[in-house]
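**Q** Residue strings, one per chain:
Protein chains: 2
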Amino acid sequence: MATDKPGRTTGPFSGLLIVDLSHVLCGPFCTRLFADLGARVVKVERPKSGDDARAFGPFLNGRSVYFSFINRGKESIALDLRDDDDRKVLFAMIRRADVLVENFRPGTMERLGLGYPKLAEMNPRLIYGSISGFGQTGPLSKERAYDTVIQGISGIMSVTGYPGGPPTRVGTSVADLTSGLYGFAAIASALYARESTGKGTKIDVAMLDSMMTFVEHGVMEYSATGEIPGRLGNRHPLITPFDTFRTGDEPIVVCAGDDELFARLCGAIGRPELADERRFASNAERTANHAALKQALEAALTTKPSQHWLDTIARAGVPCGPINTVDKAVEHPQTNARNMMIVSDGIRMTGNPVKIDGYDDPAERPAAPGLDADGIRIRREFGGR
Amino acid sequence: MATDKPGRTTGPFSGLLIVDLSHVLCGPFCTRLFADLGARVVKVERPKSGDDARAFGPFLNGRSVYFSFINRGKESIALDLRDDDDRKVLFAMIRRADVLVENFRPGTMERLGLGYPKLAEMNPRLIYGSISGFGQTGPLSKERAYDTVIQGISGIMSVTGYPGGPPTRVGTSVADLTSGLYGFAAIASALYARESTGKGTKIDVAMLDSMMTFVEHGVMEYSATGEIPGRLGNRHPLITPFDTFRTGDEPIVVCAGDDELFARLCGAIGRPELADERRFASNAERTANHAALKQALEAALTTKPSQHWLDTIARAGVPCGPINTVDKAVEHPQTNARNMMIVSDGIRMTGNPVKIDGYDDPAERPAAPGLDADGIRIRREFGGR
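Sequence lines, in order, name chains P and Y. All the letters of the first sequence, read from the start, carry residue numbers 1165 to 1549 under our numbering. All the letters of the second sequence, read from the start, carry residue numbers 1165 to 1549 under our numbering.
I should point out that these hints are in silico values taken from the structure, not numbers from a laboratory. If you're wondering where the values come from, they're calculated on a predicted model, not measured in any experiment. Careful, some of the hints might be misleading.
When chains are identical, the list treats them as one kind, so a pair holds in a single copy or across two.
Stated by the list, open to error - For lysine-lysine, the following DSBU-like pairs were computed, each having C-alpha atoms within a straight-line distance of at most 30 Å:
| no. | residue 1 | residue 2 |
| --- | --- | --- |
| 1 | K1306 | K1363 |
| 2 | K1468 | K1492 |
| 3 | K1282 | K1306 |
Kindly produce the complete structure, drawing on both the sequences and the hints.
**A** Pasting the structure below:
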């Protein structure tokens, strides 16, 4: 690995080689986590245009900020997967690789002659990670899927939003990101197991499966009662008060999950008698009477501005907080104290949340590669032309 | 490990012992993933009441379905962490454990005399995984946080919902679940690294850090332009059409991310001329003119019911889908073809999305334990009274 990209941080995966055939979001997000944690990730891109995400806005100085966020710290080589000479380079890499990641539609890798059995023969230690919309099996397996399609099918949109209002998309590509993170977790698990078995394996992570595990409360309710869970606005389905509340200006979040926190909250807002009311005496009663409780709390909270209440309620030891816009979240002292905003190629971007003692967590990380930026060097290294 | 719980499935973590001091959601979700993948997880609970989640609804036959979902396949022992005899049992377990997981407020473990340096001295191979609201460092470190507080601070609520409408909570505990999954990924990474270093380490995962990595598009936009991203309803910020659309009855999701898919969509709905309009000629132009495009598409789509369009649009190869309620997601043939609904102790619950070739992925999994259900056996095994 002597010739790989300079400036890589060390991490638990230092020394690993990952061949990354994936594009756009779920696969590249998975491999970015590996790059952040020390692995060498060689991104294999289609000649001329490369990863579709290179054309996604927003742009800064002519570069796709989207692509830069998701592909920092990787190397790039352009290979035509149907060209014999290019395939020789790919196969040479695969023979030495620890992990291959792909997120094509199921069936595509097989059509390209890159199915798992063939690659496993070439390299029995290879961990072959597939991330797809619906997975490699089941009646919908071969269907195309994008994030919002999966959000719709999984039920998460049906439980997001306000009662009486429309179903609501989670305002980020949560199905892509969740499946990318599960893909990372699955590959790390298989790498650990390979240390004892000596053998690689095949991983099959689906966006729909991943998203289903995030609909927990909705599935719990349906499983327990047979009833179809609806939209609750910002209220927690099981715990009260655990919601957003109006104040004199901006709304705030208050979570007073147990009787003690609830009593402290009532004291802090000058309404201690609320904690003594029978209809608010337990979490079950507060949840049953959530509308009346919200009205009573807001009657007090709307008398003063949000900052007053955030200070007062936090001082009473009750979890609360503002509803930040993205700029406030990004500039928050807590975010920056933990290197959660870093710089890469002059672009400020989200950092690495996997903090492991003994490894670097730098505030500056290597750039995303230009298309085929490492092509010549990689071809030389792996014995191609 | 001969005496551990029967019926455990085999997986990449078979043979591992995890001491789980965590409660409610993010920590227990992390360790459930390990239990699903073969690890032995011993849940240490407070005597008498146990994990708070045991009191959370919904209930089925007197058991908390919430607790059952998140704690299946674990063992339980009740230990008073301040009692000397109980601490002996705990320390005996920790000496033999591979992993410890805790999600107390930062500072609590140290106050209990269970800080990392002390436990590392006891067992230098121990991986000590902490998951907390704000992390072990930074100005907010010691503050209490629950899911909605983190959703508010991270900015994700500010980008979820409709233009002109209020900020909207993601209708599931996404900050807990995401940090639990990052915690799992971090521990699996550290276990892999331990195979070469021989040493344990400390992991510090925060709900806020985890959530920030899921606000990707919002952070991209702010980073590139300095502008504060707002709420877009169900529309994708960068790709058009990629949204929900009204039909003759229920709304549907359609994602036609590139020019070819867009042309196919226009053909499928009988409006091929839309693909030729200059204002819809590229993704950038479609995104700039998203409102006009939505109006044009809905003018066609509202003439027939959703099922007609889902069939027609899918046949044209364009990604689309229904907006399912939770019951439809749970009963979906794709969900069940992949064992994503399983049975544990008679309760139907979400399955394991980490599908790794060569390991079981059973449709029935061991139950969650009663409080202290394994206490006598574990005390005997680890040499306590």
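**Q** With reference to the structure, classify each hint as holding or not holding.
**A** Verification of the supplied hints:
In this assembly of identical chains, the alpha carbons of K1306 and K1363 lie at most 30 Å apart only when taken from the same copy (28 Å versus 44 Å across copies). In this homomeric assembly, K1468 and K1492 come within 30 Å of each other (Cα to Cα) only inside a single copy, at 22 Å, whereas the closest approach across copies is 44 Å. For the identical chains of this complex, K1282 and K1306 are intra-copy neighbours only, at 21 Å inside a copy versus 52 Å across copies, given an alpha-carbon limit of 30 Å.
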